[in-house]
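Chemist: All chains should be built: construct the whole structure from the sequences, respecting the hints.
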Amino acid sequence: MIPLSWYLIFAAALFCIGLFGVLARKNAVAILMGVELMLNAVNINLVAFWRYLYAPDLAGLTFVAIVLVAAAAETAVGLALIISVYRRRSTVVVDDLSLMKG
Amino acid sequence: MTLSQVFFLAVAAITLFAAVMVVSTRRIMHAALWLVLSLFGVAVLFALLQSGFFAVVQVVVYIGAIAILIIFAVMLTRQVMLDVGPQLNRGWWIPAVLVAGLYAALVGVLSTWSQFQAQAGPLAPEANDLSRFGQALVDLNAYVIPFEIASVLLLGALIGSIFVASERKG
Amino acid sequence: MTFWNDPINFIGQWLQGLLIQWGVAPGVAQVIVLVLGAAILGVVGLVWVIFLIWYERKIIGRLQDRLGPNRVGPFGVFQAIADMLKIFTKEYITPDGADKVPYNLAPVLAVGGVLMMWGVVPFASRIIGADIGVAVLFVVAAGAIGELGILFAGWGSNNKYALLGAFRSVAQLISYEIPMVITLLIPVMFSGSLSLQTIVQQQTIWYALLAPIPALIFLITQIAEVGRAPFDLIEAESEIVAGFNIEYSGLKFGMFFVGEFLHAFTAALLFAVLFLGGWRGPFAEQIPFLGFIYLWIKTFLIYFLTVLIRGTVPRYRIDQMMDINWKLLTPLSLVMVLVTAVVFNLVKPVGSPWVTLAALLAANAVMGVITMQFLRGAARSRRRPMVAPSTIVVARPEPQNTQSNPE
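Protein sequence lines, in the order shown, are assigned to chains A, B and C. Residue 13 in our numbering sits at position 13 of the first sequence, and the numbers go up by one each step. Residue 164 in our numbering sits at position 164 of the second sequence, and the numbers go up by one each step. Residue 288 in our numbering sits at position 288 of the third sequence, and the numbers go up by one each step.
Rather than coming from a laboratory, the hints here were simulated on the basis of the structure. Each hint can be trusted.
Computed from the model, here is a short list of chain B residues facing chain C with C-beta under 10 angstroms:
1) Leu3
2) Arg27
3) Leu33
4) Phe40
5) Phe53
6) Ala55
7) Val57
8) Gln58
9) Gly64
10) Ala65
11) Ile68
12) Ile71
13) Met75
14) Asn128
15) Asp129
16) Leu130
All values derive from a computational prediction rather than experimental measurement. No residue lacks a Cβ here, since even glycine has one placed at the ideal position from N, Cα and C.
Modeler: What follows is the structure, given as structure tokens:
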């Protein structure tokens, strides 16, 4: 059968790929996509731990539901902000949004 | 190699490949499409972990709403139909090294944990009982507070994003 | 189990036995039988569309005081097959600069999303594709995959009008998902389960009788989700140059067409399962084929109703459609869920189904009257105020001064 380690290694890899996307991409929407990957990795971790170690107890599943809700809320607000910034500055490249720098 | 192991390896490989394409492809619309594939792979893994409810909720919420929202945002913030210029920051190898180091550290620390190679026991039948989950979410001794706070968060996000994204005259 | 008690399992076991006899390993034989079952379901769904196309064209023709197709075969039954052959032989013209993968994947997603719904619908007490515990959410998820297909089509066509058409259509579809999911809570609440088979088994009284207004809202949102008249702005030829499927030709366009017809039938099927008692009827538990026939009759009733509506009412504009959704259907469905939940739980201790039925019908009637008053008030305030007659100035002809003496 599938040991827990496979799920944890997969979730760690997905998290690290998402983190790379957040740190290395220029487009603000692409950064949000990296954040989505990280949140999904967290969800996989939670459900794997729930299934393997804590099965009938519902704390893990509740946590997953709350993370899902928080991800949805954060994506909606983030994209609204990006669209609003695009309307003012006509750019979504985060390097150009440096009005408050220095 | 049992069938489920082969299936897990295939799905995990596809999902990780799609994730790498999300963060490295040049055209941002393609990144959004690869994101949909990786979200679908995660949903399949939820189903493999015998949490069918979250597999379907993942498809409905992430793919049916969040991915569509991201695609809308990509299309609304494009100036031309083509992407020009490099899509990664200058000096992108620093995050690459950092991330590789983080991955090695994570796997290394986890592998010293006693339960790392734990096998899955049989799932108790009431574990997947949705009515039990629903009752726990509104039970005063269980998880009603996170539930209510999450719904207020969603309400705030809804109103806030509509307000921020609406075109205000003047 | 005999063939008449349990047809699908009987055939499945027989096939598996046959395969094992031929020397296939038992696990592989089971997988082969399952895949074969899924393939047969898909093929049946796609072939059924041929009949649906003929049925609809005949009825629309009669509604419009003409005969409909009647040349190819008796009563024109082979017309759809002729159309099919024509579409098969058309050339695929891929637009220059189109994104190959989304462009070609879009028709697959559009049809696949609908066929996935057929896998969880209970056709009879023992005929069901897969009795998963979250079937209602699975249906919503399959609808979401269909919408994704539309976005892929609009993007992959490399055409501004296709993109705009895809935007509008996805905006309509995700907006109408909200009252759909809210009213889906009502059968779930009555039966206590998300599984479609359980919902059908618990419908001793049809849920359309227990909750008529939510059933009506569900029907309206399903018609909007399919993209049928009066909500067919997304595919009408006179609007936005036929929308997102403008750059598709040949069988790829045929697949969108097939997907839409099948979705319309599946919407009627879902309404029959969720609100009209599905396969329930006299002797339906013992003889599954009777249950199948009852379900088919109920589905055709609703499908006929949607075809009638299509042939009768004019099309809504996009802003009217959004108004209906956000200002009428969403608040009404939320209020109906609240009212139904309160009334249902108040009369549950009494236990008698007739009391429940009477109480819920009364609650629905009250809400219906209140809604009509709201709508009347809104319509009155939207009408332009009539100018009072006394302030109208009419040019009177000047009295003739140069009247000559009568000649």
